[in-house]
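In this text, residue positions in the sequence shown follow the numbering used here: the first is 80, and each later residue adds one.
Please note that the accuracy of each hint is not assured.
Claimed, not checked - Just the calculated beta-carbon pair ranges, DEER-fashion:
1. L112 <-> A86: 31 to 39 Å
2. S114 <-> S85: 40 to 48 Å
3. A87 <-> V117: 42 to 50 Å
4. L115 <-> A87: 35 to 43 Å
5. A105 <-> S85: 24 to 32 Å
6. L118 <-> S85: 48 to 56 Å
If you're looking for bench data, these hints aren't it; they were derived computationally from the structure.
Don't be surprised by glycine CBs; every beta carbon is placed ideally from N, CA and C.
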Amino acid sequence: WAPCRSAAWRRGWLGTHLGVRRTLAAMAILHGLASLSVLIGPYRPGRPLPEEPMRLPAR
80 WAPCRSAAWR RGWLGTHLGV RRTLAAMAIL HGLASLSVLI GPYRPGRPLP
130 EEPMRLPAR
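Sequences are here, hints too, so could you generate the full structure?
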């Protein structure tokens with residue numbers, strides 16, 4: 080690394096990259112939770128299982 084770059088500069092660079100990584104991880108977790116809730120949605124406990132898989136209504 081270039082000696083002219085200060086520790087604050089490096090800390091800022093690391094901070095932005097960690098922020099990006101953390102944001103991407105949070106988005107991936109939220110995406111996984113959303114897809115899980117979509118998959119589990121029709122089969123909530125307390126409701127009987129549907130006889131056949133849910134179909135999209137015919138237009």
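Which of the stated hints cannot be reconciled with the structure, identified by number in ascending sequence?
none
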